[in-house]
Structure formats: structure tokens, C-alpha cells
Amino acid sequence: MFIKNKICLLVLLCLTTCKIIGQETFPINGINDTRSTFYAFIHARIVVDYQSVIGDGTVVIKNGAIHDVGMNIPIPAGSVIIDLKGKSIYPSFIDPYTDYGIPELKTKAKEGQGQQFLSNTKGAYDWNQAIRPEIDASKYFVSDSKKAELFRNAGIGTVMSLNKDGICRGTSMVVLLSDEKENLNILEGKVAQCFSFEKGSSTQDYPDSRMGAIALLRQTYYDATWYKQSTKREYNLSLEAFNENQKYPSIFEVSDWQNVLRADKIGDEFNIQYIIKGSGYEYQRIEEIKKTGATFIIPVNYPETYDVSDPWDAINVSLSDMKHWELAPTNASQLEKAGIAFCFTTDGLKDKKDFMRNIRKALDNGLSEQSALKALTYTPAVMLNIQNKTGSIKKGMVANFIITSKSIFDKENVIFENWCNGKRYIIKNINAPDLRGYYTLFLNNKKAAGIRVTGEMDGPQIFFDEDTNKTKGNISFAQEQLLLSYESKNAATKGLIKLNGYIDQATKNMERIRLFAKWAMDKLVYCIRFDFYSHSKNR
Amino acid sequence: MAYGWEKLPTQKTVVIKNTTVWTNESDGNLINTDVLIKNGKIALVGKNINEPGAEVIDGTGKHLTAGIIDEHSHIAVSGAVNECTQSVTAEVRIADVIDCEDVNIYRQLAGGVTSSHLLHGSCNPVGGQTQLIKLRYGLSSEELKFANWPGFIKFALGENVKQSNAGDNNTSRYPQTRMGVEQTYYNAFTRALDYQKAIKSFNALSTADRLKAKPVRKDLELDALAEIINGKRFITCHSYVQSEINMLMHVADSFHFQVNTFTHILEGYKVADKMKAHGAGASSFSDWWAYKYEVYEAIPYNGKILHDVGVTVAYNSDDAEMARRLNQEAAKAVKYGGVSEQEAWKFVTLNPAKLLHVDDKVGSIKVGKDADVVLWSDNPLSIYAKVEYTFVDGICYYDKETDKLKQKAIADERARLIQKMTEAKNKGANAQPPSFKAYEEKHCTDIEHMPFQN
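One line per chain: the protein sequences are A and B, in this order. So in my numbering, the last spot in the first sequence is 539, and the numbers never skip. So in my numbering, the last spot in the second sequence is 1454, and the numbers never skip.
Take the hints with a grain of salt, since some may be wrong.
[Claimed, not checked] If you anchor each label on the Cβ, the simulated ranges turn out as follows:
hint : chain 1 : residue 1 : chain 2 : residue 2 : range
1    : A       : 354       : B       : 1357      : 50 to 56 Å
2    : A       : 123       : B       : 1147      : 44 to 50 Å
3    : A       : 32        : B       : 1218      : 56 to 62 Å
4    : A       : 321       : B       : 1407      : 31 to 37 Å
5    : B       : 1413      : A       : 487       : 38 to 44 Å
6    : A       : 321       : B       : 1007      : 18 to 24 Å
7    : B       : 1007      : A       : 233       : 53 to 59 Å
These aren't lab readings, by the way, just hints derived from the structure by calculation. Note that beta-carbon positions come from the ideal geometry of N, C-alpha and C, so glycine has one too.
The shape of chain B in the complex, shown without the other chains (with noise of 0.2 Å):
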């Protein structure tokens, strides 16, 4: 079972009381105000909340927001988050490799996160379909996916898809250069063209037609790449330099659909004016850049620019470190180019949901939407500010109180069988040496055995 859990939590009904409410609405910071939790979504957003039988949490001095959405995460993927051997995989799938017991879900409610966003690498043009997970800690991974959520697919440009920095073992994949990238996309998206009007026409044919006829193959890739024409997928684009980013979305135009989200993008403010027009969303680092060439021009005020355009901006972590302090990352918002509070607070909630198609559903405080809230200590985005709970579905995963407890329950339990195993060693078992096992952190161009930043 999952971290110290001896059953599953479940769902209750909750008031947050007397607390300060970051609704991300119209209503903006609500000061003094109860939130009611019940079947697992909130309820009701008001004053002096009497719930009988609810669970009462005394919020005073405390706020209470939105869970964090993670648009760019590598957490919860077993084995490799890259399939870098053809440059399109669109039909390989995260959704088939979910690691449920990634302890890295758990830590990431202690930092008030509620979704993530989970991802190929970037070391091929067209890396796989996404999926968006809530982090029900404890479930099963089919039990994480995030229900009715339009598929998404991970595309990427830049040094890694033509295998800059792969070696002098990785220099025959198609394509090596930038402007064979851009050739790729028009061949699949041609090839994915041709496979939709040969099923149309194989569909045309009379039952005794279709007897004689050679039916189409069935092929996964196709399959993914017609959906983002059609409009039913959307694509998620690791993405650095601006004549890549324009390159991108004339390959969509030409094909006549939208680029989704731009991820990085630490060029997007040289380009915000072509991303608004062009309807794409910019997912990004708050300061994180300089650790290669292709990043070299990237600035802080990234996000603030892209803002001020009217793009919606979220910022991610792509690294389960930052993951957990997310909350902070929106806070460079305010301190680089003067973002207001409650805007930058929609950097890490709100607009991702808004990018991930899912803001009907999460992303703010509004009556109606699923119950992923999370309680602070303090405001949100100071550095003093401490999770005391999260909720997924009105489901408390995390509570501070509760995990100081778990902790002390699973060092007796170490204490335990290391009291066990050193009584069998010394009736004689044969005992093997401890060795560490480093636990691998994924990131973007994360081949197997071969790990590089970003």
C-alpha cells in the first residue's frame, strides 16, 4: 500500500473554515470565508458554513487555493520516458506505463500539486501520446488517469531531436538537421492524410466491394497524427528557439490546425504577438535556463511578457524536485516584471488547466468543480508557505499532522525488520549485502542510461 497507508483514505464531507479562499474567479482572494467539500467537489463557497456530519478544519490565518497542475512532469513513468529510435513514436503511450507507486506522487502532495501533466522526452520530433494523472496516491495506475481529458501527444524541437548531443553513435536518424525536422512533421502528417482518405474510401465501398477489397492496415502512429488534425488531440511542444516555434505552427496552419501549448519556450516572448495569434498556450520555466546553447536568450521576464500579450502562461517543473515547490516558481511571476498575486497564482493552477483543456473540472474554486484544494500556512506563494492539506477528489491525500505520524509508523516498522532479518542472519540465513539504489529522477531528453538536462 502506499506511503504508510495502512487502507485507502476516503471521501468526506469537509468544511475549510474562517479561511482566506484564492478563488481564481471573478471573486478574486476571499477574506474570512468557509468552503464545503462534499462528494468530492466543492460545494458551496460562503460564510458561516454549517455542514451536519462534516469534518470541520479550522482555516484561520490560512489559505486555501486550488491544487497545483503540473503541465510538464516525468514523475509516475516506469521505465524510459523516451522512445528516441524513430523520430515519430506518436503511437507509444504513457497511459500503458503509469507508476502508480512513485513515491514521487506523494511528495509532490506534500507541495500541493493535484495533477501532473506526464510526458515523453524530447529526443525525437513526435514523441508519444501524454496523459494527465491526479494524484491519487495509493490507486492503481488506470485509477490516476484523469477522466474525460482530450488526448494530448508530446512533439519537440530543438538540439535533441536531431540527436546534437546523442554521440557518434546516433548520427544516421532522420533528421539531423532543423530544417529535416520540419520535413518530418509534413511527411507524417501527409502520410496521416492519405491513411484517413484511404479509410474513407475502403468505408465508401459496398459490404460486397469491401469483400474484394484490400482493407487499410491499421497502423497506431496514423491513427494519433490524423487525431491532431481532426482537432481531438492536442499537441504539447518542447520548444526553444523562435524560428522553430514559427516553423511549427506554419506546419499547423498548413494543416490547418493549432499548436495546443508551446512547453519551455524561453523564446516565447520574442514571439508572443505570432503565438496569440496563432491560438497556442506557453508552459514555462520561470528562471531556469543557460544549461545549453539553444537557451542562451532566455530571460525571467518570459512569462510576464507572454502574459501581458494575452497568451496563457503556466509555469511547470519538468523535475520532481521542483515539482514540489511549484508554488514558488509562480511567485518569480510577481518578483520578475510585477505580475499580480492573484494572476501568477494562475501560472501553476488555472491556466494549465485552461492548457490541458480541463478547467471546467479543476484549476480554480468554484462551486461545482472537483475538490482538489489545498490549505496553506501562509500566502501561497511565500517561501514560508507550508502544505497542511491536500485533497484529490475531496479525498485527503496528504495532511502535515497525519504524516508526521506515517513517518514514525514506518521507522518502527524498519526498526522492526532490521530486528527481524538480523535474528534470521544470525540463526544462520545467508544475508546479502545492502547495496543503494539511487532513485532515478526523469527529465525531457532522459534516454535510458543516458540522462541530460532539459
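Bound conformation, chain A alone (with noise of 0.2 Å):
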């Protein structure tokens, strides 16, 4: 990114400090500084969805909502301009399976020890504690600016965040990952109804099994039905709520392939066609996981492997693990190939880094990449029919992308930026040059030492080599400061060498990169040039 002249920048680097978005029902103590400013992303590469790439085109935003996209648009005048020549811009993820920014709802624990055949719960609601239709995951929602970022990193820019606790886990909401106030955030308040086979936090003895889960959900619907015809004589807060969100869609999470077919069996029995939160073991029975119809939200974390070093341990490891360490990298690409309709997840992974990681995993082992941008953006999007709103990179939509520096597949893309809710991210210096490569440090035109920069681009290692000696040295670089230092061997320059210096912009976009530096030995100052030799080549 190149910022076209210094006001440019000092504007930006103050609005992102700034409120972009105001609250209009919030009054304000002191002076009233909401600003709209465009910004215009120019010369982006535009991945406008999973289906449509614009090569060359330019992005305007405003208040938090994408203002313009296209090829040849104006640009407002007042426009923060900034370049993006050979950078991509993608829909931001949407993780549809989160408990992002959801406080722990447990329900009231038991008092002391013995049997418990009613709910703890206090209130007008449901006999049984596992049954919760009346939350509403948005009532509880607090932003957590550490775990947004974490999502953030990923590329993530929306998620689904949902109580996981209990049979019938009522509503989950969306929202955005900025650090907007909670009321910015939520853009739905209700999108989804939730339910598991397991009871979570529930206290009550009742059901102590997988098939008295499923005997209680089945009641459970069959005593909605009845209270909804029914004159009544008792009110019912769940009943209520649960009659209430069957507008929703409803989203079962399961625990492997057996109970997908399980709950899809209680889906038909009520005409409901659930989406599946899956377990990663939908491979295993493709044709039986096809035939219920659902859209699955899957995971990627696949087992590590086993140390089977000591042959007696390696018995304790079941040959069906073994496989499903194998296998469970191809479980979206065998979807794909059935044709049945998935998202990812981050759910399960300890890691959010590791989210891309296994998703590249999996376009190794046969998906497609279409496939794989289509199940991070449009299936989430509209299986949570907010496909209007975020999930591609439309006139109107929220201002929801990233900036990466090649196509999100690719090993080496570096995710620069993620803009959420119109407000920018950073994640890593757009301006930090790819230093990787070969160098030669010249001293009074006389070499002095071979340069090796390799490694991660935003955290290199550098080595200097002088004749024989191979030293590591050390590289930093900020706020266009390039610092080198390393500890010399050679009779004639012996002792600690700190070299500082900049880029030269001229050369920049070039094969070739020359960096000036100050070399400083015994107080006296030369000036040297090192050069950039094959830079995309032998890291």
C-alpha cells in the first residue's frame, strides 16, 4: 500500500481512533465530531464473491457500509485514497458456530447431593433445566475485544454466537468483531434456534441418556404443539419462546455421524430440516449424510497424530483413529464431491492460526477453492439469511473485508487487514517490505559479508555470512526504519556492526530493492548500498 502524501496518513492514523459510526440514540458529553469520510481502496484485486473476481477495481466505503464497488467508479472527492496495487480484497469470514461474547449461562446448580426430578430454574419456564428455549443469546452479549481479535486474525469479520448449553439452547444472534459498542455490533438479534443431544450445565437428573434426549426434545415439540392450541391454563415462558422461534432456522450440533442421522430422524417427525453443526466424521457415511438433506457447519480440527514410537503404546491406538487422523483432512473435500452444502468453523480448534492452516489442508486433499471462499462467505451468509448484508462485496452491504497480499489459498498470503464494521485492523504492516533474499553487504565498495534474510516475512531472521564465520544476526523494522545489527569475526571489522537505514521507494516495486544504511563502526559513518537479488526465489 502506498499512501499517496503525508495528510493522507495523518488523517487515517487519527480516524482510526476515532468513532467512524456514531450512535444516533446516544447523547454526547461534549463537542460532536462524527465525521463520514470516504475511503477508496484503489487498484485492488476485488474477490467481489466465491463466484466473481474484478482484476483491477476499486472499493469505496462510508460509515461502516461499502458505498461503491467496481471498475471504474468515482471517487468522492475528500476520499482517504488508498492503494492496493497488487493486493486483494476478499469478504471478510463468517464463522457461523461461535459462543463469541456470550458469558457462561449455566444454570442454577444443585444444592447439595441427592436426586433432582425438577428444574432448578425459577420462573414460569419448562419442567426440565436442559430445556431453554427463552434465551436469547443477544440479551447476554458483550463484546470481547481479545477474542475479536483472535477471530479478526483469522479473517474473520462476522460470526454466529449462540448459548451451547443444554437441549434446546434458544436463539443465537450475529454480530460484528469491531470494537463498536455492543449495539453497533449485533446485526441480527435473532437468526437461529439451537439445539444437542447433550444437557450441559443442567443440574436435574432427567435425562441422564441419549435416548431420554431424544424422548424429552420429541415431548418437548409435541407439548408446544398442544399449548399452542390448547386454552390455557398454564403460561409458559419457554413454551412461549419455543413456539416463537420455530420462524427460525434450526441448527442441531451432533457429535459424529450417527447422530447426525439421529437428529435429522427427529427433523422429519416435525417437519423441520435441520442444519447440521457437524463433527468432522461426516466421511465416513457420505451417502447416509446426503440423504438428510441438511447444511452442514463442519469443523477443521483434525486429530494430531499418535506418538506410536514405543510399538506397546501404539496398540492402544484404535485402527479407526488412525484412519480418522488420515482421513478427517479430507472430510470437506468428500462434501464437496456429494454436493451437500457446508461452512467451516472454527469451532473445536485451539488455535484460530490453525483455521486457514487446516482449511488449505483440506483444498490439499481434493476441495476446490471455490468451494472453500463459497463455505467461509455465501453458504453461512445465507443459511443465516443475512446474505444481504455481509458474505460478499456489494453496493450497500456492511463494510466487512480483508486486505491480503495473494489469494487466501495461497501458503505465503499474509491477511494485512481486516476492515469489520467499517473500522480498520491491522494485522500486519502493509508497508513492511518482504526483505527475504540474498544481500551483500558492501563496505567502502569492498564486501564485507553475504546477507541471508529468511523465514515468516513479518518476523525474518537474518544471517551474515563472512567467509567462514555464519553468524546470526539481528533485523527489526518500523515506521519505515530498517535496524540491522550482528556481531563481526573479520580481522578488519571485529566488534558489534549496527546498520540503520530506509527503502528506497524508487526501486521498490522492482525485482531489485536497494537499501541505503549508515554503517557505524568507531564513530566514523560510511554510507553503503546493499543490494536484492532474486527475491521470489531460494527463501
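With the hints as a guide, bring both chains together as one complex.
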């Protein structure tokens, strides 16, 4: 990215710390300084949605929304212009199965030991503590800036959040991951109703088995129907909510492929097509899975390999666990091949950094890039009925997108920025040059050392090779300043050598980058130059 | 896919030639006889059968029988087999939680079992709706279900249902006494009758009146109990002590239905005449007892005595291990009391089929019945007998030679994966330590995390 002029830069820095979007219903203590600035992202490769790309286009955003997108669109006067030549814009991803921002909503704990036959929940609620359709996730939502950052760093801009507790878990919401006030982050307060076979924090005895959970859920559907028809003698907040929730899609979380069929069978009885939050085991019986007709939300938490170096220990790993280790990354491609709609979730991942890494493993195992992108954007948006708000880069939609160095599926891709709800979140410095490569250090036009810069683009390692000595040095790049240092062992330059320089912008976009640096030793200052070779190869 | 299958086995036309056929019918045992299996049914039993295109299995010196039917099993159930939290849980169904991937299905095929009756445990007076399955290993849970089978329900009596051994935290669920057990049944069936009555009177209303009236709340528990009273669902009841057996028969008489089967029924020899008069069958152990107070008075002649009185007697397993050797359990009816070999064999085949109301489809080798048959290397009552082939619906789900190949293939596959895992670890992948996962065997009285015997 190249900032056109210094003023632009200043304005930009200022604005990222100000509120861009005002909350109209809130009073302001002080002087109203709400600004609506246009941002124009020019010369970007824009991936509009999973099936269309603009090679060199412009996105204009304002007030958290996409103002315009296209190839030759006018840039409004006063826009902050951000040049993204060589970079890409993608719609940010949607994670449709999280508990982001939901505090633990455990049911009331049991007092003392013994059997508990009825719910401990106080009030006019269901008889069973695991039936909680009245839980409305949006009522409990509190933004969590640390967790939001982890999601954003993985390229995610929107999540569905639910209370993952109980058999009937109430309604979920869709939220954006900006650090705006909750009022501005909730995109939809109610999008789906959620179910599982697990009673969660319920301390009530019933149900104590999966067949009991199934019976309880079926009875609840019947009770709700009866409740609707009957001249009421009782008022039941849970059944009221249960009936009210029927207008939303139903999502059922399961733990293996057999439970998919069990959930779907309940759905068949009550004329409901569940969306299935799957387990990653769907590939094991793909034909039966397809027959359910469900859309799947699948995790990418593939198992780690087992340490089988001890043959005695190896006996304890079942063949099915070993096979799952091998085949888990094929799950998505098998769903694609079978024509089953699916989306990805970070649910179950210990580290959200593994999200893209593991999706790339799915690509290595036959998943197409188009399906992967569809699963990250379009499918979850349609599933949650928010496709007119997010999931693609179109006029009027929420300004939710990421800026990347390459295709998101490229192993070397870097996500520079995640713009969420119109706000800029810098993940990696977009101005940081990719310094990896080979250089030669000249001191007074005499070759002093070869330099190797390797490793991660945003945290490279540097080695100085002097004849037979190979020394690891330090490298840092901040605020346009390059700092290098190493311990020289050559007779002529022995001692700590520190270099300070900057990148010559004139050659920056060419294959050859020239860096100017000052070399300080014995209080003498020399001007030196080192040249960059074969940037794209042999890192 | 199930144990080593690359693809599912298919139905074939097979002739088993020159073998000893235990028909379980009036023909008794036929020697040097051929049996033709076609389209999943037993097509022909006779001499010198030549069917073009049929696969031929030489049965010389071997014995062909109907497949074993285990009347009391807890295999292939996913999650807990008990829903102990209320005394009457007629609404819970094993059908909802069949685990078609349980390797015990395959192991029991290797022991000649072709059908298993999957039951709840015994921790409450009414456990729930049971499920009869055929051991079609490799198919999905829905496809394992025995088609056109009337529903059954598990009842239980004795120590477990009053939580005698369930610890100090389980002392408040009604009933806590044997008197309370009886009242639990009366209460349940009375509620079911009232429920039925209410539905009938609601349905009798005119359409206009119905709109104004309060509809009857559909109750899954009472639906199942009402089916019992109406003779549409049958009881198999965990039972040990004579007084309680009499009690349940009395409850049933009061509501004008029959207790179909008493299972365990270790004191059945004391009340055999009453059971005969009531019309109940017995599904017992051959010689398993003394594991708790209420089974001290069991005797190994139980099956023989019940059989002689004219009660339909079956021997069951209640145990995944024992189910692999039910042929030997049948043999114990010969050892204790001298039941004839052919009658003893029916204890694990035709008699459980009768108790389960499927003797028109399975349980004997008769033309037109399902081809659920087993070829044994020896007299099936012998401890030397091994299963060579097990067919379900004319599909060979187990044969000894293929099994050897499968075991080899599985060992090779393990070796390949161990190699691959080692390479991945050496390349720097995180490796988790293996941990031993014990297979959880289920018994009658298992509550999750709380197993105890029978």
C-alpha cells in the first residue's frame, strides 16, 4: 500500500482511533465530532464473492457500509485513498458457530446431593432444566476485544453466537467483530434456534441418556404444539419462546455421523430440516449424510498424529482413530463431491491460526478453492439469512473485508488488514517490505559479508556470512526504519556492527530493492549500499 | 466401513451341500441334506439340489442351523442403556440410539448370532421401548432394525428398581420398596387408561366442539403404556424373585393383558405353573447366579423345569462375551436335566423367536423363512464347534476364511498408518500420546459411570 501523501496518512491515523459510526440514540458529552469519511481502496484485486473477481477495481466505503464497488467508479471528493496495487480484497469470513461474547449462562447449581426431579430454574419455565428456548443470546452479548482480535486475525469479520448449553439452547445472533458498542455490532438479534443432545449444565437428573434426551426433545415439540392449541391453564415462558422460535432455522449440534442421522430423524417427525453442526466425521458415511438433505457446519479440528514410536503404546491406538487421523482432512472435499452444502467453523480449534492452515489441508486433499471460499462466505450468509448484509463485497453491504497479499489459499498469503464494520484493524503492517532474500553487504565498496534473510515475512531471521563465519544477526523494521546488527568476526571489522537504513522507494516495486544504510563503527560513518537479489526464489 | 469390508457384502444364491441340517421343525435333524438360499430366503431343503449359478459350499461333516437369537442383549447401543431418572420412562427408545458400528455385532456374527434384542437396563420399573435388530454389520442403524416386528418394552423388578444398591444419593426416587413397585405399575397403567379415555372422548366430539375443547396433550410415555394394555406392545421383564413375578402377572391380569416374557427369571422353576397359566415365556441364564442376594435361590435346572411345564424357554446372554458362546449355553440344558439336543438348541433359536413374535420369519430352517443360517464345523452344542459361515438375509456377513484375510489386511493397514504417523512426527508434527480406551461393556444395570452386574 502506498499512501498518496503525508496528510492522508495523518488523517487516516487519526480516524482509526476515532468513532467512525455514531450511535444516534446516545447523547454526547462534549462537542459532536462525528465524521463520515469516504475511504477509497484503489487498484485492488477484488474478490466480490465466491464466483466473481474484479481484476483491478475500487471499493469505496463510508459509515461502515460499502458505498460503491467497481472497475471505473468515481472516487468521491475528500476520500482517503488507499492504493492496493498487487493486493487483494476478500469479503471477510463468517464463522457460523461460536459462543463469542456470551458469558457462561449456566443453569442454577444443585444444592447438596441427591436426586433432582424438576428444574431448579425459578420462574414460569419448562419442567426440564435442559430445555431453554427462552435464552436469547443477544440479551447477554458483551463484546470481548481480545477474542474478537483472534477471530479477526484469522480473517473472520462476522460470527454467529449462541449459548452452547443444554438440549434446547434458545436463539442465536449474528455479530460483527469490531470494537464498536454492542448496539452497533449486533447485525441480527435472532437468526437461528439451537439444539443438541447434551443437557449441559442442567443439574436435573432427567435425561441421563441420549435416548432420554431424544424423548425429551420430541415430547417438547408435542407439548409446544399442544400449548399453542389449548385454551391455556398454564403460562409457560419456555413453550411460548419455543413456538415463537419456530420461524427461525434450527441448528443441531452433534458429535458423530450417527448422531447426524438421529437428529435428522427427529427433524423428519416434526417437519423440520435441521442445519447440522457436524463433527468432522461426516466423510465416514457420506451417502447417508447426503440423504438428510441438511446443510452442514463443519469444524476443521483434525486430530494430531499419535506418538506410535513405542510399539506397546501403538497397540492402544485403534485403527479407526488412525484412519480418522489420515482421512479427517478429506472431509470437506468429500462433502463437496457429494454435493452437500457446508460452511466452516473455528469451533473446536485450540488456536484460530490453524483455521486457514487446516482449510488449506482440505484443499491439498481435493477441495476446490471456489467451494472453500463459498463455505467461508456465501453459504453461512445464506444459511443465516444475512446474505444481503455480509458475505460479499457489494454496494450497501456492511464494510466487512480483508486485505491480503495473495490468494487467501496461498500458503504464503498474509492478511494485512481486517476491515470490520467499517473499522480498520491492522494485522500485519502493509508497508512492511518482504525483505526475505540474499544481499551483499559492501563497506566502502568492498564486499564485507553475504546476508541471508529467511523465515516469516513479518518476523524474518537474518544471517551474516563472512568467509567461513556464519553469524545470526538481528533485524527489525519499524516506521520505515531498518535496523540491522551482528557480531563481526573478520579482522578488519571485528566487533558489533549496527546498520540503520531505509528502503529506496524508487526501486521498491522492482525485483531489485536497494537499501541505503549507515554503518556505524568506531564513530566513523560510512554510506553503504546493499542490493537485493532473486527476491522470489530460494528463500 | 465395518470390520475390513471394502464394500458391503451382497446377497447371493448359495447351496450348502451334504450337511446335517437342524431344522427345528417336525423333520428334526436331517443328515446328508442340501439347503438352497435364494433372494434372502430359504428356498429349498432336500437332497441333490442343483441350482445353476449358485455358489456351492460343501457342508460334509458340518452342521447347518438357524441363526442364534439373543433375547437379552445390550450391544450396539450408543450412550447409556438406562434412563434411571424416573421410575417410568416408557417414552425412551433403544431404536433412537442403535450403534451400528459396535464391533460386538461382528464378534457375535462370528459366534453364530443373527438377531439380538437390545434392551434397556433394569434401574427402573419401566425402562423403555426395546429394539430387535438383525446383525447386518456394515449397514446403518435404521437398516439393522428387524422389519415388521411388534414393539416390546423393558420392565424390571427387584433390587435395582428400588435403588437398593445405588448409593446414599439415590434414596428419594419413588419407589424405594417392593410394595411401591407394584403401586408404580398400577399408577402407570391407570394413567394410561385415563389418557386413552380422554383421547377417545375428544375424538368423539363433533368438529365444531373439538375446536372449542381442550385437546389432549400427546404423551409419549402414556402412548407406550397404552399400547401394552391394547396388546400392541409386549413386555419383557427383568425378574428374579417369585413373589414379584406373581405380583406383575397379577397387575397384568388386572388390566387384562399378558406379560410376554420374564427375562432372567431365575426363580421361574418355583412359579412355572403360574407362568404357564398366565401365558408368559421365560428367557433365562443357563447357570449364572449368586451375584447378589435376590439370585441365591437360582438352580441350573430352571430351564429344564420350565420347559417341562410347557413354558417357552430361551437362554440369553445379557453380556457381549457370553453372546459369542450361546451355543454352549444351550448345551447346558442337556447337561443339567437332560433336555434333548434338538429341544436344547431351540432355547437359543426358535424359542427366543417365538418369545419375540418373529418365529414366522426366523428361528428354524424352513422353506420361505429368512435365510438367517449358520454353518458350524461340528455339532453346535459341542465346545469344539466353530462358526464357518453366518448368513443374515442370505448375505454372508461372516466366514472364517475371509475373516483371516481381513485380519491380515487390518494388520497391514495398521502397519502402514504407524509408518505414516512416525514420518509425520519426525517431520515435526505435534504428536499426542496414545491412551488406552477400554471398551465399555454394557449390562443390565449399568448407569453411566456406575456399572454393576445384572
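Outcome of the hint check:
Between residue 354 of chain A and residue 1357 of chain B, the C-beta spacing of about 54 Å keeps the proposed range 50 to 56 Å intact. Between residue 123 of chain A and residue 1147 of chain B the beta carbons are some 47 Å apart, a value that agrees with the proposed interval 44 to 50 Å. Residue 32 of chain A and residue 1218 of chain B have their C-beta atoms about 60 Å apart, which keeps the hinted 56 to 62 Å range intact. At roughly 18 Å, the beta-carbon separation of residue 321 of chain A and residue 1407 of chain B lies outside the given 31 to 37 Å, and the hint is violated.
Roughly 54 Å separates the CB atoms of residue 1413 of chain B and residue 487 of chain A, a value that falls outside the hinted 38 to 44 Å. Restraint check, residue 321 of chain A to residue 1007 of chain B: a C-beta distance of roughly 23 Å satisfies the suggested window 18 to 24 Å. Look at residue 1007 of chain B against residue 233 of chain A: about 58 Å separates their beta carbons, and that is inside 53 to 59 Å.
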